[in-house]
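Protein sequences appear in the order of chains A and B. Sequential numbering from 327 applies to the first sequence in the working numbering. Sequential numbering from 327 applies to the second sequence in the working numbering.
It should be emphasised that the hints constitute simulated quantities derived from the structure, not laboratory data. Any given hint might turn out to be false.
All copies of an identical chain are treated as equivalent in the list; a pair is satisfied when it fits inside any one copy or across any two copies.
Said to hold, decoys possible - Below are the DMTMM-like pairs computed for lysine to aspartate or glutamate, each with C-alpha atoms no more than 20 angstroms apart in a straight line:
hint, residue 1, residue 2
1, Lys479, Asp453
2, Lys610, Glu389
3, Lys544, Asp400
4, Lys478, Asp453
5, Lys610, Asp407
6, Lys422, Asp448
7, Lys359, Asp584
8, Lys610, Asp632
9, Lys434, Glu628
10, Lys610, Asp396
11, Lys562, Glu351
12, Lys421, Asp396
Computed from a predicted structure; not experimentally measured.
2 protein chains.
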Amino acid sequence: MPNTNYLQIADDEASTTISQSVATEGVGFVDGKIVPIAEARIPILDRGFIHSDATYDVVHVWENHFFRLDDHLDRFMNGIDRLHMSIDYTREDIKKILARCVVASGLKSAYVEMICTRGVPDGNSRDPRRCTNAFYAFVVPFSWVATPEEQKKGVRLHISKVERISPQSVDPTIKNYHWLDLVRGQYDAFDADADLAVLTDRHGNIVEGAGFNVFTVKGDTVATPGTGVLKGITRKTAIELCAQLGLAVQERDVPTADVLSADEVFLTTTAGGIIPVRYVNDRKIGNGGSTTSLRLRDLYWEAHRDPRLSVPVSV
Amino acid sequence: MPNTNYLQIADDEASTTISQSVATEGVGFVDGKIVPIAEARIPILDRGFIHSDATYDVVHVWENHFFRLDDHLDRFMNGIDRLHMSIDYTREDIKKILARCVVASGLKSAYVEMICTRGVPDGNSRDPRRCTNAFYAFVVPFSWVATPEEQKKGVRLHISKVERISPQSVDPTIKNYHWLDLVRGQYDAFDADADLAVLTDRHGNIVEGAGFNVFTVKGDTVATPGTGVLKGITRKTAIELCAQLGLAVQERDVPTADVLSADEVFLTTTAGGIIPVRYVNDRKIGNGGSTTSLRLRDLYWEAHRDPRLSVPVSV
């Protein structure tokens, strides 16, 4: 099937899900039960809320298939372990729960979030070891960091002066909810009339944005920050696809100047896949074309037909 | 009344509330209603949870009086504003809500938390401007960073190598739930057989711990970190009390070495007041006495009888 068809599917699916999306669409999994999303609530005393003491992961479902579910589960289970948490559900239990939630939601394409929190403490204790860790999940319509319509218009990226929370403080490879820096960057982007913000580290290298990794293309070489970022599953997919195209991939520090002088810039995210960026800080990137990015985007959606990566949702 | 009486009150009250404390004690304020704490839940999709996009404050009630409520409200309202959030309740409304919650809880001494979150987004949007910000509150029994019993045994502080999240990333003067670095430090402290951790900044100066500020005493001079920390209300009270005692107070960078060579070290927190530290990194501080810290602790509890600071809970 030609690549444009995949994109067409993406665009149609997007408009369908976005027009339907209201807070009542989707389901949550709380206290071992599947409930409508509008009724899915967590205890106000859960340390996952009042200390953001939690890890999570998001896998997407596209046309009734989970994409790279095992990769997401690897990262999620690892995060739980490294935060000194544990849950009663096994990896296989979680797979079943997520599949049941997707089926219950009735959604063909969806954003599927699994969450492990420190939980509610025993009595009045402030000791995290005295909490019963909790597992939650929810399924909502597929969501886009930049919608296909926004991509057509040309995504505008703002390089924010806000520093991404340092790995010396919070390990970014344990997916977490510490987003106040990202939100601050996002408001900077709005002020600069841009769509999205990428934050920098203390040395002025770019790192990541709100739910996405960033890549530059210069000639036959693709670069993406190697440290200080979440190792995104879409990032991993993009790196694999670059290899297929014979491009060299460098995971390294990426100074702001490299972004501004790149031929192309693209974002990778579970919430939308591979997203070409046309403007950075009001500057048109390269010649404004996105040949490599668009080729990667096509390959990304094609990969959704690969049974090694896409697994049918079944209960 | 002699100072020891105040401490006695503190100790008695603590043992009473702690023995009573179970997850069922207290109340929450959610969706405009007061409910038992065990039923107080927030929507799983609230960005306050899934992006920790929130600010909060904690005021304590001691013997049916709010302590420095106006100071806490000043900080809370400022945080809401600086995060580009707004709520329908006025400052006076919030005072009434909190008082009603305390009365409903039946607690004489309590930990009273007010929260403003980004809220649930409109449909499937990722734009924080399209959220309806939410206000929540809860009242639970008074809680201690270190209980009076632990204080008698001698509180052990661990200087963690984990960096506190930088002000370049998240403004610490907007009280927030980004605690994963503090939790990481806490587990380091447990490994080091200590009770509590204080984190450092990127230059090796101490900054703050999980819900508390840190002070050193050296001769007639008291020092506490001037930047990179929450400007605690108990910190403010301690600074005022030091002035009363004729001590010089320096708000400045406090290198780790200054903590280890101090005559005394104490913590300040709404969750327990002024708490003397006896050991830092396995080293006994000063001569092990805490004359100044204990004097400040007495004055702190005495201040709870000052009508300029303590306001009766009334609805």
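Status of the hints after comparison with the structure:
| no. | hint | verdict |
| --- | --- | --- |
| 1 | Lys479 x Asp453 | between (50 angstroms within a copy, 18 angstroms between copies) |
| 2 | Lys610 x Glu389 | neither (34 angstroms within a copy, 64 angstroms between copies) |
| 3 | Lys544 x Asp400 | neither (32 angstroms within a copy, 51 angstroms between copies) |
| 4 | Lys478 x Asp453 | between (50 angstroms within a copy, 19 angstroms between copies) |
| 5 | Lys610 x Asp407 | neither (43 angstroms within a copy, 34 angstroms between copies) |
| 6 | Lys422 x Asp448 | neither (29 angstroms within a copy, 30 angstroms between copies) |
| 7 | Lys359 x Asp584 | neither (49 angstroms within a copy, 53 angstroms between copies) |
| 8 | Lys610 x Asp632 | neither (35 angstroms within a copy, 63 angstroms between copies) |
| 9 | Lys434 x Glu628 | within (17 angstroms within a copy, 64 angstroms between copies) |
| 10 | Lys610 x Asp396 | neither (38 angstroms within a copy, 50 angstroms between copies) |
| 11 | Lys562 x Glu351 | neither (30 angstroms within a copy, 47 angstroms between copies) |
| 12 | Lys421 x Asp396 | within (9 angstroms within a copy, 49 angstroms between copies) |
Hints 2, 3, 5, 6, 7, 8, 10, 11, counting from the list given before, are not met by this structure.
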